[in-house]
Every structure is written in structure tokens, then in C-alpha cells.
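Engineer: Residue numbers (my numbering), protein chains in the order written: chain E, 1 to 413; chain R, 1 to 101; chain S, 1 to 969.
Hints are not guaranteed to be accurate.
Said to hold, decoys possible - Where chain E lies over chain R, by a calculated footprint (3+ residues, C-beta under 8 Å):
id, segment
1, 56-67
2, 73-87
Stated by the list, open to error - Partial list, computed: chain S residues near chain R (C-beta under 7 Å):
id, residue
3, Ala244
4, Trp247
5, Ala682
6, Arg713
7, Lys717
8, Gln721
9, Arg723
10, Asp727
11, Val731
12, Tyr861
13, Arg866
14, Tyr958
15, Asp959
Note that these hints are calculated values from the structure, not bench results.
Built from N, CA and C at the ideal position, the CB exists for glycine as well.
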Amino acid sequence: MPFGLLKYGLRKQHPGQHHFTPTKPLKSHYDVVIIGAGGHGCSIAYYLAKHHGITDIALIDKAYLGGGNTARNTAVIRSNYLTESGVNFYRDSVALYQGLSNEFGYNIMMENRGQLTLAHSDAAIRSFRWRAEVNQHLGVRSELVDRQTIQELVPNLNLADDARFPVLAGLWHADGATARHDAVVWGYARGACQRGVELHQLTEAQGIEIEAGRVVGVRTNRGKIACGAVVQAVAGASSVVGKLAGIKLPIHSFPLQAMVTQPYKPVLTPHVSSPHVHVYIHQTSRGEFVIGGGSDPYPLYHTRATLDQREILSAATLELFPFLAQAKLLRQWAGTTDMTPDYSPIMGLSPVENYYLDAGWGTWGFKATPISGQTMAELVATGKVPALIQPFELERFYRFQQVNEAGATAASH
Amino acid sequence: MKLLRCPLNGLRNISEFLYGGEVHPLTDPSHQDSRAWAEQVFFDDNAAGVVLEWWCHRPTSFWFIAERDTLTDQVLRTFASSEIYVERVTFTRAVSGDPHA
Amino acid sequence: MPEPRLPEPYGLWVDRTQTVTFTFEGQSYSGLRGDTIATALAANDQWLLSRSFKYHRPRGLLTLAGQDANTLVQLSSDPNALADRVLITEGLVVQAQNFSGTLKRDRNAILGWLAPFLPVAFYYKAFFRPRGIWQLWARFFRKRAGLGVIDQGFKPKRFTQSHRHCDILVIGGGPAGLAASFEAAEAGADVLLVDENVALGGSLNYADAAGSADGLTRAALIERVEQFENLETLTGAICNGWYADNWIPVVQGEHLFKVRARQVIFATGSLEQPVVFRNNDLPGIMMSSAAMRLVRLYGVQPGRQGVVVCGSWEGYRAALMLARAGVSVSGLIDFRARPDDGHALIDQVQSAGIPIWFEHGVDQAIASVDQNHVAGLDVGPLQAGQVARDRVTRLTCDFVAMAGGYVPTYQLACQAGGRLLYDDALAAFSIAGLPDDCWLAGSVNGVWHEGPTQADGIRAGKDALQALGLMAEGGEPVPETGEGLNYVWPIFAHASGKEFVDFDEDLQINDILNATREGYEHIQLVKRYSTAGMGPSQGRHSALTVARLVADATGKTVAETGVTTARPPFAAEQLAHTAGRGFFLTRHTAMHHRHIELGAQMMQAGAWFRPAFYGPAVEKNARIQAEINQVRRGVGMIDVSTLGGIEVRGTDAGEFLNRVYTGGFKKQPVGKARYALLINEAGVVVDDGVACRLHETHFYVTATTGGVDSVYRNMLKWNAQWRLKVDIANVTSAYCAINIAGPKARAVLARVAENVDLSAEAFPYMGVRTATLAGVPVRLIRVGFVGELGFEIHAPQQYGEALWDLLMAAGEASGIQPFGVEAQRGLRLEKAHIIVGQDTDAMSNPFEIQMDWALSRKKPYFVGHRTLQELEQRPLTRVLAGFMIKDLNRPQPLESHLVLDGNQMIGRVTSCMTSQTLNAIIGLAYVPVALAKPGCRITIKVDGGHHVTAEIVPTPFYDPESHRQDPES
């Protein structure tokens, strides 16, 4: 029972306290500066404070808390990726997500709805089987399912033989889940601030000070901060911020659009995705259908929506669920995805000493929030790159060694 | 639908075009060291501001170059690639035959 | 007993001669043609329309303009329909939404009593202990969330779309929009005027004209529209978004217009705002403009006795308009102090017998006995912005008209780049910063009252004309006249709350304040934490109040606080509109009908349809095997028209191919074909094909079905930089092609071939010839993909069916049979030929797939060469090898089954089949280099978790010396 709510009704004064840091000036020095107070940045701050006792942290963001991609993603949590490195990584993240609400005492409204990816061609079936085999081998619940099982999982899915793209099979990921994306960043931020981390919103990093190949400070619009280490966690602006430190990255930033309908009584439980038709959809706990698809076809640092994408997503949605023709669209928006050549993130060391990278999150960032926070915190605290994220080092490109997740991501590039 | 002006065909809907990546000066790979070559293959500017980029008008397969502001999506100018790529390019093997020289 | 309709001229939009009967919640009602559901029900004294999202409070009409979500009702296969927009039709069945029990007595209304225990964002604060419990709570919440019910059995018809181009698009057909349209049309521009209401006129339709002599009257204006041939109007049409380069979707009924305008004028008017006080959400409490709409457009009385609450002269105008119509207004509450100089409107209102309460505010609204309607209003004198509770008077009333001020209808303008600014003195928003092909006109531009708004419309028209070059100069700016329209603080907090700030989300003043207290101070955080503005009306009536409350709580100005981003669509729009006809490209080869006639099971390869095999689906395996056997023992033919074809011509043709592909082509003899492997700059295999030299300066290069378009475009892009003397053309769809293969292939071909010597000496393996087959001009390529004597025949695509027919006829004596893609895959696997995209993945380089032989190292340059040099420095981690399982009783591995070493994943199967030809299971798999030697054993995990052992064998599996495809070798 929600006994926690009793105090709100029984007291005259609202018992809520400030969850974060009330606005105050920056200090002149911090042990760690985390550039970007989104899901990853707040997660890193949280674990640095909780697991490593490092609390002298400035968690800065040029806009509002979580206002970047964390506010804009479609909140899907899954681990049914392709590579061994990827699956291990996302699997651990999903496990952390399971206990996250209780970890920081903030309900992230995580629901294990399951995720179904549809195959409309033999090539897709081969690719799904590959993922299912790797997933199962590494302890992730994934299986190739036939049309009959698909019908049982999603009774209202269009399985007509005369559909333009008939469904041949599917990849059923029972571990797939959704959560309230804002709550994740707020929960981490509150947990971090409670432990002494300072959250500074509307604070933009404008320059990185480097001496003898090592980062020594950050210049912001609110003053200069000297620091021992910097983490950049600015999905959508990784190249821009990286340039401040003179760091080159293999990233291209493309808008990713999504849209949401008005709320309706529940008719769809799992998250359903069709890479072939370029759409994925689920119904939130509020009753709204959230619909997303492939990235925009050219790079842009502007989160505008287009009618073209709205048309593509609507047509694709009706291919899968024709009856949704009656659903009314409420809003469309976009985020900025930092795409990497191999659809895997870039984590770990940079050419600048004590300057750490948490970048290249494309369309796979939200699901990795807890594990990237934990591993990056370990790196910052110990100076050693945890084995789990070793494969994602920037250096891999200099060795022409990709960790290629093409086909397992939502974006179709 | 955004409009883009093809130097050959005039103002067309953006759906008729394909983005082709950043414009970079053509280099001879045999004259580049390992790290420089890796950067050429994988890394890019990804600038937030005015950039030069390749575009292809799909129905006519015409490649051209656009100068565009990636912050506002405003296209400042489009022009034929022959403005930048002027001469026939030849490749020579690196003198010592060692690509790392 | 419902009141009778007001006499004419009231009821502008209804036809009193036509009655329409419909049902609401199972009860029959009758209204007039032209009534919306809401107005017909109102005329029948039925004001209760819905139950709110969270507390299930009774709700009724608020704006009567389709701008609020109080009126959402359920129609058949159309949930969340706007009752104040949908016109009643005979037999229409309307249901209410979101209640348990009946609309009048919703059992869920008890949630209202729980409100104190449901603080802002309460769902984040609990429901997660013990761990995992949210999974159960979520189901509970999901059932209660959502408004209407989606009909899962609904079979949609496709909505239609069309395009419109115009010089000037005017959005909004009120006085400003009309004036702008005339100005533009007079100058000869092509004008499209769009209005969301059933008729033009905007506020002229319902607001009191106030007897102003400025400008034309409503009727005259609307008549004038007809005089322009170059002025098109769309009514009942909503501009649902602004997109780059003035691309605007307009929804009208079941049609979507996609409009491209060179200039856009936003004459979108303003949204009247509510006054915030306890119980301000009761049915019967509405905007003053809603009351006026009800009266003038539908002739319906808002109630028997009403009160107007306001902080501006607009309230007075509303009161007068109502009184003149014969509606009983028993009081006007003015938040402001009586002005020393008085005002004409004060006198007029008092003359109409309406008492005015100056400097009074609203303490609360009182509900009727059944709780479903307003029955009274408690008002009291204001002291420092607060209502003095101890001196409250209760006014009896059954409707309240709120004139709480206005917000410009900013959404489209802000999507176009406009920024919202707030003027503290005017207590109002304004818009600035539009791009130079967009203009504002009328009240959205801060210009009010009939005369000035029309003048502003003319000004905007002139500005747009100037931008088009149709006029030398733009218009003279018209001074803003919005002073006094917005009261600074029409917000009256009450100790017991329920002063609704956001009706959609049931948010009260304290919810907003508590959000800021908990640290969610930025307006975006307030929105996300409290959900203010996230409901169906997207903040139309909450944004201003929330901005004021947050600014006050955080010590900032309203301008600094701002509102959240306006996003399309402006009004809720069915997915059916933008889905349109759902056009998906489909491609058929020239021989498509032959396959259908022969009973082929078709499969999709990209947008192409190709025959997978011929015969009934239930006989799949047998049919495929028969087709394979036919090719091995006799002769078969397959339609390979989808294969890519590129002509490369010019003096640099050979040099060009040398640079694009890994192999050497410059010295390739005329009349020969060579395998062409394509890799990218990262050294990854991306495509392959065959390059045929037809002439010193002419190559015909094939590519994969799925890759050719990309290969072609990349070729062009490379040459835009290399500037070699070469012309490149993608002729894939200009040619059709058939592959005829089998020991009898030559014999069959010989029966129809002309102008060519097909003998082995004259036409060796990997040779290319041009010829005719029974008059059809063809290119013949001797290839060996399937491992038998074979010829690939390319002809201009119009000969498709003729070519098919003549080969089938020629082959009849030899027992020729068609074979499909599945058989071809089996045949090539027996030869261990790779399929790019199946046996290669996103990282496969030529070394891994044992294609060192296809690399020409002597060339100074080819795409990807430099990277191969890098990769060579490092040990190979995997290699594609052939394996065999001789025991046919073992389960056959499938593609993507893993190769294991103990618990380690060391590789995977990419192709596998049970080969009748070889009487064994054969396949290709990636394995570590150490295990790639013939004789090594590998373990494959198959379905069900079983392990199968396979042996690495040399490849090709079948006819290793390739005598079959090249008997002369």
C-alpha cells in the first residue's frame, strides 16, 4: 500500500523537500565536473557519491535537468543486442533498472511489458536468430517466435497475409521494459544531491582548460571552475563539447523524431517494433501511444519535427495496427542522436588525461543509464577502465576494430 | 517538406535528395599514417554551424555540394562539385612502398 | 424543462426548420441542424459531458471552440471526439468517457476525496515498495488512465490527401484574416484563406460589434470573399502545424491538404483564459466567449441566471451582449477597483440592471445538490489580491462567464520560430522573431477591436505582398490596443484547494507551487513533474497561469519563466490523415506474370517480388530440391532481372573500376568477365558482382539486387571527386535477365542463338558476348554461380516475357524447368559461393571470407585498400569456412546458430542446407583461424540446445575442380 502518501494528506504544510540543489554560485574548485545533467550525467554523479564516496562534484547543464535526450526519448529498456560486448553491457543495465526505484526511492514506473520485434523477411529472421542465440547464451531472455505466438502476445497486431509486409516471425524479448524517463534522471539527481553533489542548471561549459595534456578546469557562463577530472555526458552535443577539449570523435548527430497520441484505455501491452517498416510503438501507463522510427536522413542540431516523418510513422503504424487510424495525435518532438560508425557507444579514456568520455549514445542511451553511470563512476574514481566497457573505448577506431550493432538498433542507418 | 535547391534541377522537395556526408579534401591514403587514416575513415567534424556537405538528387543522380547551417537548417548555397573538384585526380604509390612512411 | 432557443437573429449557425435526433448515454435528444453535440445537449439542459482524468470531476463545455478537452466524448470508432466541434447527425450515437457506473454518478469520483493524499507527482513518491510491486500497481493505473476506448475491430478507409500551392496562406478568417486576404487578392496574389470554424468571420460571428463604425460589417466582409477569383477559402479546416519553408498541413474532414505557401499570415486570434478559483471547473462555468458563442451562433441560453467575472472591459461587453439577447445576468464581478473617471461600459452595464461588484474576487463556486453543475458563486472583496473570506456573499447562479484575459494563439507562429515575450504592464504575451516569410495580424499580434484588427490585417497583407515583390512598400504598423485586456492576477487561491489551473490534468494551484518547492523550478520541469500542459489541450488554458505561478514562486519574471515548447499538431488529428494511402513501393520484373502463371510462391527482396520456388507452399522442400536436381542433371532457368546492372563507359572506364573495386580491370580483355568485389573505406565487404568488358572503353558491371542503387550513387560520388573521363549509368531496370544453367544449357541456347558461336572454344568460361536469341538482342555472360554450365542472358526489359517464352520453348525438348531463389541459394551453397549480406556481416573484410585472390595489390589505389593494409598487420580473429555433417539424422543447423567451444561463443553458421546432391549437411560458418583447417571439428548449438559436431572441409563442396561450370578446365 502507498503508505508513503499518507503524510501528504495528514499534514497542513506540504512535507516535500527540495530534491536538488537550490540555485547557488559555483565554487572555484571541484574534484569532478560532470558536463551534462541528463540521465547518464546524474547516474555517474550518483554512483560516484554512493559507491566511491566522491561528492565534491559539480554536475552542470546548459539547460534544465534532464532537458536533453533524456527528456525526449521513448523510454524503452532492453538488452536484446547483437554483440557479446553489447549484450553483456545492456543486460547488466536492465538488471540495475529492475531495482532502481528502490535503489534511490523514486518510482521510475518500470514495467516489464516485453518487447516484440517483427521479421518481415528471411534476412530479418536470420538476424533475429543470431540475436536470440547470443542473448540466450549470455542470460538474456530472447527467443525467435512464430506467427501463432505473435498472435497470442499481441492479439490486435495485423497478421493478414495480404499486408504489404507480412509478418513472418518475431524476436520476443521478455526482459523488455518501459519506464518513465524523466523519473530516472530525477531519481538519480536527487540521490546525488542528497549526498552532496551540486547540481548547477543553466550553466554552460564554454571552454576546457588543459595543461600538459591534462584537464585542469572548465570555463562556464557562470565562472571558471578548477577541477581534478571532467566527464562529458552530453548526448546530442558530444562533438561540440569534445571540441572544447580538442578531442575528435567519430560521431554524426542526427535528429530522431517521435510522437504521442492522446490517452486511451489500454489495448496494447508489449512494446512492438518493426525495423522493416521503420516504426516502433508502445502504450504508456497514461494510455498514450508513443511512436518512433528511424533517424532523420541528415545531420541537424535542432529538435524540430517534420510532417514527412509524421507521415512515415503514421503509415507504418497503420500497417501494423490498422485500427489505430482513429487514434488522435497529440504531439511530435525530436531529440538529437549521436550516431557512431558501429552503433556502439564511446566510453572511457580520451586523449586528454583525466577527461573521460561518455558519448556516442545514438538510440541506445536511455537503456544504458544505470550501467554507464556505474562503470563511468568506477573509471573516474579508480582511473581504471572496467572490463565491461573496455570494448567501447575511443581507441578501437584507431585499430579499425568495430563493435558493430547494425540491425539491433532502432535507427535504420 | 523542406525545400532544397539542386544546382541542376532547381528547387525540389527534400525527399528527392540523399545526404552524402561531409565534404573533405581528397587525400592520397598511401601518404597518411595509421592514426591519420583511421580519423579520415571514421571521424568527422560534426560541426554545429555552417558546414559543406554532399547531397545527391536521387531522380537524376546528380551529386552537388551544399553550404548549410546545422543549427538552423538554413541552406546558404548549393553549387556544382566542380567548383571544388577541378582536376582529374591521379594516385601514386608512396615512394618507398611503405604506407607508414 | 429546457429553455427555448433565443429568437432570431440569434442562432446564426443553426437551421430551425430541421430537427435532428441523436442519443447521448442511451438517452434520446433532439437538436437543430448546425448544432454541435455540446450545443444540442445544452439546449436540452444537459451540461454534464465528461469526467476528468484524475479526480473524475464533472465537466462541461468551457470554450465551445474545440480548444478544451472537457468535451471529449466517444463516438463509434472515434474516441476522444470534441463534442463542441462534431455536428449532430440523424441517429448519431454519443457516449461519455472515463467513468464507472454512470456519467451522473461516477463511482470513481471518490478519488476526489483522496486528493489530499495525491500530491503533485504522487506516483513517483510511492507504489514501489516492496520491490517489483509497481508491476501490479501499473495495471491498476493503466485501467484508470486513458480517456476514450479504441475500437480494435475498426477497419479504416484510407483518408485522402492533395497539395495546394499559393502565394499567401492566411490562417484565420476573422476580421484581420479577411482584411489581409482582400488586400492580397486585390494585388493579384493567389490567396488561400483557412478557418477552423464552419463559417468565416471569427470573433465577428459572436462578439458584440459594439456599434463601431470602423471597417465592414461581418456580413459585408464575408460577401466580399466571393468577389475574388484568386481567393480560395477552406472552412472547417485546421492548419495543424508549421513546417520548414512554409509547409503546412490543413485538415478538413477526412482530407489532408498539404499547402506550400510563399508567405504565411498568422491571423489566428487569441485564446480566452479561465479565472482560477475553487471549483472553477463545474459544468456551467465557461469562458465569456463560450457564452457568447452559445447565444449568438446556436441561440442557446447559457443558463437561467448568470454571473460574469472579469478583470477587463471585455467582461462588460460580454455581459451587455448577453443581456441584450435576453439572458439574465445577475451580477458582474470586476477584480479591479472602480476607475475614478468611470467608464461608458460601467454605465451601460448598470443601465442593463446588472449590479457590479468592484474590487471583488471569487472565493469559490458552489455545486448543485447532485454536484454536477454550478449553483452559486461566493464572492468577496479583495485585499492585497486575496479574497476576504469573512465578507463573502453568495450569488445564486447556474452559469458563470469568465473573462480572464487572453493568450495569443501562438502555437503555429512559435513553431515557425516565433518567441513568446511577456509584457508585465500589459500582463500579456506577444510574439516576436518570425522568419521573413511569416507575418502576424490581428489579436495574435496584440491588435484588438474590430477597426484596428482589420487595419492590422491590411498591413500584414501589404507586408506579405512586398516580400513577394507584388508591392513596393509594406504596411504601416498599427499600434497595439491590448491595454487592459489582461488582468495581472486572475488567480484566487483557497485553503481547501480545487482551484483548477489545468483542467485536463486536474492540477490545482498547490500542485504547481509544490512542484517548485520540491525543486522543479524550470518551467519545463514544472510541466514534466506536474504534467501541466501535457493533456489533450496542450496547455492552451494553463500555460499563462502556470507561468505566473512559477514566476512568482521562483522570484523570476513571467518573461524569464516562459512557457513550454509549442509542437505540432495544433489540434488533435487522426493518424489516418497523415497515413494517407500508405504508399509503399513495389517492384515487379518484366517476367512477373509468368511466375504467377506457373504457380510460383513469391518472396520479397527489398521492394522486389521474386519467385522463391514454384509449386504449392505445402510442398516447399520437395519443390526446391526438385529444382536443384533439375539444374544439376538437366537444365533450369531463373529470372535474375533484379540483379543490378551498371554501364561504365569512357577512356577511363578501366581505371575507374580499378579504383572502385578490389580487383584489376584495366588490362581485362574485351569479351571477358571478372568477379568484382566492392569494399568500403573501413575495409568491409559491401557488394559484389561481375564486370564484363564489352569494349576497350565499355564495361557492363552487375551488382546485388539490394546494393546496386547505393553502389551506383557511390560511384558517381567518387567520380565527382576523381573527375575521370567516364560515364556511369544505372541500367538495372532497363534490362531483364535470365540465368539458364545445367549440363543441357548450351544445347538449349543453341536452338535460338544467332550471331554467336556458343562452342566452348569460342565462348569460354567467364566470357561475354553480344548476340540475338530469336531476334531478341542480348548480352550473354558465361558465369558459374550455381556451379553448372550456365549463361546469364541480359536483354532490354521490354523483351522480358518474349525472352522467357522463347527459352521455355527452346528448352522444352530438354525438359527445362524454372527454378527460384531458394533453389539458387542451395545450388550456390554447394559451390560455397558467398552471398553478401548473408555470409558477410557489418564487419566482414575480404581476408575473413578468404577472398585474398580478389585483391589486386599492384594497383596504387582502390577504395578500402589503405585499411586492408592496416588490417593485415593484425591477426585474423575469424575466418569463413565450409563444414559438413555426413550423418543426415543429425538436426540440421540453421543460419545464425552459434559455434561453441565449451561455454565460449567462437563463431556462427551463415548458410546451411541438407544437400541431396552431396548426401550430406553442408554449410558455411565463421570460426577461429585455428579451427578453419579441413579436418578440424566444430560444435554447433542447434534448436533445443542440442550440440552437433561438424567437420571443416575444403570448398567448393560440389565439383571442387569446377568441371561442371567449366568443362574445358
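Engineer: Answer holds if the nearest beta-carbon of chain R is closer than 7 Å to that of Arg866/S; otherwise answer violated.
Structural biologist: 4 Å, holds
Engineer: Are Lys717/S and chain R close enough, Cβ to Cβ, to be under 7 Å, as the hint says?
Structural biologist: 5 Å, holds
Engineer: Would the stated hint for Asp959/S survive a check requiring a Cβ distance to chain R of less than 7 Å?
Structural biologist: Hint violated; Asp959/S Cβ to chain R Cβ min 39 Å, cut 7 Å.
Engineer: Given Tyr861/S as an interface hint, is the shortest Cβ-Cβ distance to chain R below 7 Å?
Structural biologist: 4 Å, holds
Engineer: Go through the hint on Trp247/S and say holds or violated, using the shortest Cβ distance to chain R against 7 Å.
Structural biologist: 5 Å, holds
Engineer: With a cut-off of 7 Å, does the beta carbon of Ala244/S approach a beta carbon of chain R closely enough for the hint to hold?
Structural biologist: This interface hint holds because 4 Å falls under the 7 Å limit.
Engineer: At a threshold of 7 Å, is the proposed contact between Gln721/S and chain R supported by beta-carbon distances?
Structural biologist: Holds: closest Cβ of chain R sits about 5 Å from Gln721/S, inside 7 Å.
Engineer: Against chain R, run the beta carbon of Ala682/S and see if the smallest gap drops under 7 Å.
Structural biologist: Given a least distance of 6 Å, the restraint on Ala682/S holds.
Engineer: Against chain R, with CB atoms and a cut of 7 Å, does the hint on Tyr958/S hold up?
Structural biologist: Check failed: Cβ of Tyr958/S comes no nearer than 38 Å to chain R, outside 7 Å.
Engineer: Any CB of chain R closer than 7 Å to the CB of Val731/S?
Structural biologist: Status violated, d = 12 Å.
Engineer: Quick one, is the Arg723/S hint okay against chain R at 7 Å, beta carbons?
Structural biologist: 5 Å, holds
Engineer: Examine the segment 73-87 of chain R for residues whose CB is less than 8 Å from any CB of chain E, and state whether their number is three or more.
Structural biologist: That given contact is violated, which follows from only 1 residues of the segment 73-87 of chain R lying within Cβ reach (below 8 Å) of chain E.
The earlier numbered hints that this structure contradicts are 1, 2, 10, 11, 14 and 15.
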